[in-house]
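Following the hints, complete the assembly by docking chain P onto the known chain U.
Number of protein chains: 2
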Amino acid sequence: MSYILGIDMGGTNIKAVAITADAQVLRQDQFETADDPAPAWPRRISDHIRAVEKELGRAVAVGVVAPGLAARDERSIAWMQGRLASVQGFDWTAHLARGQFVPVLNDAHAALLGEAWCGAAAGARDAVMLTLGTGVGGAILCDGRLLRGRLGRAGHLGHISLDVDGKPDIVNTPGSLELAVGDCTVSERSGGRFTSTEGLVSAVVEGDEVARRVWLRSIRALACGIVSIINAVDPQVILLAGGISRAGEHLLAPLRVELDRLEWRPFGTCVRIELAKLGQWAGAIGAARRAMLWEQGAS
Amino acid sequence: MSYILGIDMGGTNIKAVAITADAQVLRQDQFETADDPAPAWPRRISDHIRAVEKELGRAVAVGVVAPGLAARDERSIAWMQGRLASVQGFDWTAHLARGQFVPVLNDAHAALLGEAWCGAAAGARDAVMLTLGTGVGGAILCDGRLLRGRLGRAGHLGHISLDVDGKPDIVNTPGSLELAVGDCTVSERSGGRFTSTEGLVSAVVEGDEVARRVWLRSIRALACGIVSIINAVDPQVILLAGGISRAGEHLLAPLRVELDRLEWRPFGTCVRIELAKLGQWAGAIGAARRAMLWEQGAS
Chain U
1 MSYILGIDMG GTNIKAVAIT ADAQVLRQDQ FETADDPAPA WPRRISDHIR AVEKELGRAV
61 AVGVVAPGLA ARDERSIAWM QGRLASVQGF DWTAHLARGQ FVPVLNDAHA ALLGEAWCGA
121 AAGARDAVML TLGTGVGGAI LCDGRLLRGR LGRAGHLGHI SLDVDGKPDI VNTPGSLELA
181 VGDCTVSERS GGRFTSTEGL VSAVVEGDEV ARRVWLRSIR ALACGIVSII NAVDPQVILL
241 AGGISRAGEH LLAPLRVELD RLEWRPFGTC VRIELAKLGQ WAGAIGAARR AMLWEQGAS
Chain P
1 MSYILGIDMG GTNIKAVAIT ADAQVLRQDQ FETADDPAPA WPRRISDHIR AVEKELGRAV
61 AVGVVAPGLA ARDERSIAWM QGRLASVQGF DWTAHLARGQ FVPVLNDAHA ALLGEAWCGA
121 AAGARDAVML TLGTGVGGAI LCDGRLLRGR LGRAGHLGHI SLDVDGKPDI VNTPGSLELA
181 VGDCTVSERS GGRFTSTEGL VSAVVEGDEV ARRVWLRSIR ALACGIVSII NAVDPQVILL
241 AGGISRAGEH LLAPLRVELD RLEWRPFGTC VRIELAKLGQ WAGAIGAARR AMLWEQGAS
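Protein sequences, first through last, are from chains U and P. Mapping of the first sequence onto this note's numbering: position 286 corresponds to residue 286, and the numbering continues sequentially without gaps. Mapping of the second sequence onto this note's numbering: position 216 corresponds to residue 216, and the numbering continues sequentially without gaps.
Rather than coming from a laboratory, the hints here were simulated on the basis of the structure. Be aware that one or more of the hints could be misleading.
Unchecked claim - Cβ pair distances, simulated, as ranges:
no., chain 1, residue 1, chain 2, residue 2, range
1, U, T269, P, A40, 46 to 54 Å
2, U, E249, P, D165, 22 to 30 Å
3, P, N13, U, G268, 26 to 34 Å
4, U, T12, P, G191, 52 to 60 Å
5, P, G123, U, N13, 37 to 45 Å
Stated by the list, open to error - List time: in silico SDA-like cross-link candidates among lysine to any residue, alpha-carbon distance up to 25 Å:
no., chain 1, residue 1, chain 2, residue 2
6, U, K167, P, R265
7, P, K167, U, W264
8, P, K167, U, P168
9, U, K167, P, L255
10, P, K167, U, E263
11, U, K277, U, R256
12, U, K167, P, C270
13, P, K167, U, E258
14, P, K167, P, R145
15, U, K54, U, R256
16, U, K167, P, P168
17, U, K167, P, E263
18, U, K277, U, E249
19, P, K167, U, G268
20, U, K54, U, F31
21, P, K54, P, F31
22, U, K167, P, R256
23, P, K167, P, G191
Just so you know, even glycine gets a beta-carbon here, dropped at the ideal spot from N, CA and C.
Same shape as in the complex, but just chain U (with noise of 0.2 Å):
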């Protein structure tokens, strides 16, 4: 059977999953990333790929999705700091040595590019993704094309400030989007009583006013966020994935009453807002949909 293999590093774990060109999961896996004290993931991926092609026959195509900053011509990521930064530079086409391209993309444009496919935002030419966790991450969909930028950074919709005033973020962005919703900042925001947004919001459907009114503050913050993403790329939908979109309706609901009032809506219009679908495995999808599309010669 015809198939992709999609491979998603993270800082832990490893994602792997082949799937037909008509979306169809074959296999899905998980290892070890196992960067220190010497990296020893570009080796667990060769011989991955060489176990799933014993299994399944030789893929049609290999991508690869890793955090940082993908170059222009897709061959590594170019720019990583910090945690990862061996895989800064390593070219996985030359590594795999397939004789075929293998493109390598920024994990959120691999997730969202994902969702486009066969996820919450199918079919849509004009999407956004929020990846609410640690930090908030993006990326953005544009009449079908997946914006990169110049420099690969395109999508870094955490870092847009709502607060001239604020303090500045890990890239120097004052009262940023992250700072105001990230699980980074959520102790700070609430006076040291919760560590996590998962706990916050437990809080807060138990009744507590003061976590209550915390949570409002960030989602006013996120509302501001969104309508400011919706006001400058105009998607039609906007997903929300990350360990925070977990909270459901106890996010969306409070969202959307502010959204009812803060959203430019021409026509009567309004930004669909919805919960990305594929969770963890939306960035392998991608990385196999970006190879698929490679393949087929697509830019």
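Only chain P this time, still in chain U's reference frame:
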């Protein structure tokens, strides 16, 4: 001589340019829009085209630019409220009856296309324009393509929020970039002392300390908006256009100081900030450029 006609319809005046495929301007004309009491502009524009073609021969193509949101099929402005509402839904291809399609563009989108063709962003594939005037508008070019979005709204960069607790602007965005730097709020921002940014900047130049504080505050907000845009769409160059950009170095010098602090610069790369070059003719030139690309079969 082979040339293209670009027509830029504003609320007060219509600007028309006849330009060759290598960006040589053959003619520039300006005449009143005359929308009130009854729209005289449809007839004025056809008359103008007839007069130009009598002199220069038939134009290879004609493109039009107008305020509002352009329809996805580029046949008309699909959404325009208030002044010039008469332009909404007006079908230029039918009206001009040239036996060829006449593409219609939003004004800020056209201005960026013009600048990216033969202006301050010539040759750039990833560029952003900010028009700083009474209001603040914009446009985004990503990987050589103009972002339109689902409703043609992409690039409304004046309507990104920089203050979650701020007052709503005309499209409900709280504490927007437009409110922070547009001429529409200069009186409010200066405690009633100035009615235009020009007056404010003159006072800054003369050493007025209060004016300086107001101006630097506005520039700080502009810098925060610019880093948000940089992190979201990752351009190579950002062009500043509109009346406020006439402040030139009085704007650019303090803006660069802020950006040195606030901009995320992977690889040490910084985004060029430049003044737009084509001035009031940018829209008409961009309309001609779009019509030329259309004739060449570009999507």
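We went through each hint and held it up to the structure:
Distance hint check: the CB atoms of T269 of chain U and A40 of chain P are about 32 Å apart, inconsistent with the given range 46 to 54 Å. Our hint of 22 to 30 Å for E249 of chain U and D165 of chain P holds, since their Cβ atoms are close to 26 Å apart. Judged by the Cβ atoms, the range 26 to 34 Å given for N13 of chain P and G268 of chain U holds: they are separated by roughly 32 Å. Against the hinted window of 52 to 60 Å, the Cβ-Cβ separation of T12 of chain U and G191 of chain P comes to about 55 Å, which satisfies the hint.
The hinted window of 37 to 45 Å between G123 of chain P and N13 of chain U holds, with their beta carbons roughly 43 Å apart. The hinted pair formed by K167 of chain U and R265 of chain P meets the criterion: a straight-line CA distance of about 18 Å does not exceed 25 Å. For the hint linking K167 of chain P to W264 of chain U, the alpha-carbon distance of about 15 Å falls within 25 Å, and the restraint holds. Taking the CA atoms of K167 of chain P and P168 of chain U, the gap is near 23 Å; set against the 25 Å cutoff, the hint holds.
Of the supplied pair hints, the one linking K167 of chain U and L255 of chain P holds, its CA atoms being roughly 19 Å apart against a limit of 25 Å. Taking the CA atoms of K167 of chain P and E263 of chain U, the gap is near 14 Å; set against the 25 Å cutoff, the hint holds. This hinted pair checks out: K277 of chain U and R256 of chain U have alpha carbons roughly 19 Å apart, not beyond 25 Å. Using a Cα cut-off of 25 Å, the hinted pair K167 of chain U and C270 of chain P holds, with the two alpha carbons roughly 21 Å apart.
A hinted pair counts as satisfied when its Cα atoms are at most 25 Å apart, and K167 of chain P with E258 of chain U qualifies at roughly 14 Å. Our distance criterion of 25 Å between C-alpha atoms is broken by K167 of chain P and R145 of chain P, whose separation comes to about 34 Å. A distance of roughly 49 Å separates the Cα atoms of K54 of chain U and R256 of chain U; the hinted pair therefore is violated under the 25 Å criterion. The hinted pair formed by K167 of chain U and P168 of chain P meets the criterion: a straight-line CA distance of about 23 Å does not exceed 25 Å.
Simply put, K167 of chain U and E263 of chain P have alpha-carbon atoms about 14 Å apart, close enough for the 25 Å limit, and the pair holds. Of the supplied pair hints, the one linking K277 of chain U and E249 of chain U holds, its CA atoms being roughly 15 Å apart against a limit of 25 Å. Among the hinted pairs, K167 of chain P with G268 of chain U is consistent with the structure: their alpha-carbon atoms are about 22 Å apart, no more than 25 Å. Distance restraint check for K54 of chain U and F31 of chain U: the Cα-Cα separation of roughly 18 Å lies within the 25 Å cut-off, and the hinted pair is therefore satisfied.
A hinted pair counts as satisfied when its Cα atoms are at most 25 Å apart, and K54 of chain P with F31 of chain P qualifies at roughly 18 Å. Restraint check: the Cα-Cα separation between K167 of chain U and R256 of chain P comes to about 19 Å, which is no more than 25 Å; the hinted pair holds. Pair hint K167 of chain P plus G191 of chain P holds up; C-alpha atoms about 17 Å apart against a cutoff of 25 Å.
Figure legend: structure checked against the earlier numbered hints; hints not met, in rising order: 1, 14, 15.
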